[in-house]
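Undergrad: Sequence:
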Amino acid sequence: MCDRNLGAKIQQHLENSKELLKLETKLRYQMEKLKDHLNYGSGDQSEGLLEESRLRRRLQDAAILRNTYNRRERDLERQMISILEEEENRQFNLYKDTLMRLVEDHRIVEDRIADAQLQLRTLHTTNRVSCSS
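Residue numbers for the sequence shown, in my numbering: 4 to 136.
Simulated from the structure, these hints should not be mistaken for laboratory data.
This list has only true hints and no planted wrong ones.
Here are the simulated BS3-like pairs of lysine-lysine, each with C-alpha atoms no more than 30 Å apart in a straight line:
1. K99 x K12
2. K99 x K29
3. K25 x K99
4. K36 x K25
5. K12 x K25
6. K38 x K25
7. K36 x K99
8. K29 x K12
9. K21 x K36
10. K21 x K38
11. K21 x K99
Computed spacing ranges between beta-carbons, pair by pair:
12. A11 x S133: 57 to 63 Å
13. R124 x K29: 18 to 24 Å
14. L97 x K12: 16 to 22 Å
15. Y43 x Q94: 44 to 50 Å
16. R7 x D100: 24 to 30 Å
17. D108 x T71: 23 to 29 Å
18. L23 x R131: 36 to 42 Å
19. D100 x K12: 16 to 22 Å
20. K12 x L41: 39 to 45 Å
21. E107 x N70: 17 to 23 Å
22. L41 x E90: 47 to 53 Å
23. R60 x N92: 32 to 38 Å
24. I84 x A11: 17 to 23 Å
Glycine included, C-beta positions come from ideal geometry on N, C-alpha and C.
All chains, full assembly: derive it from the sequences and hints.
TA: Structure, rendered in structure tokens:
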């Protein structure tokens with residue numbers, strides 16, 4: 004059976020998968036930063052532990068969504084196999100995997116740039132305050 008809307012479904016699935024991957028990447032990065040802060044920081048540990056718990060819940064929610072997306076993707080792949088040649092399927096899978104790696108890398112770079120900008124602003128503000136003292 005050929006679904007006339009298969010192309011649109013695949014496109015929508017890829018867009019949704021990209022957004023979910025961005026969220027997962029951001030949450031993992033936030034968790035990594037929080038763990039570093041808890042291990043090496045001197046701030047309020049109880050507040051940090053509450054934030055860690057919140058991030059864990061969000062990561063669990065994202066994992067549930069990921070499982071749903073994976074099931075949907077398998078269903079779409081079964082439909083694609085029935086209409087595409089083996090080489091076309093291989094090329095599409097390569098495209099999809101590369102796209103997802105690029106999306107994840109882009110998200111990581113965005114997060115690190117945002118952190119670096121925040122550190123620069125903090126440093127600039129600190130230098131201004133210490134120079135005026």
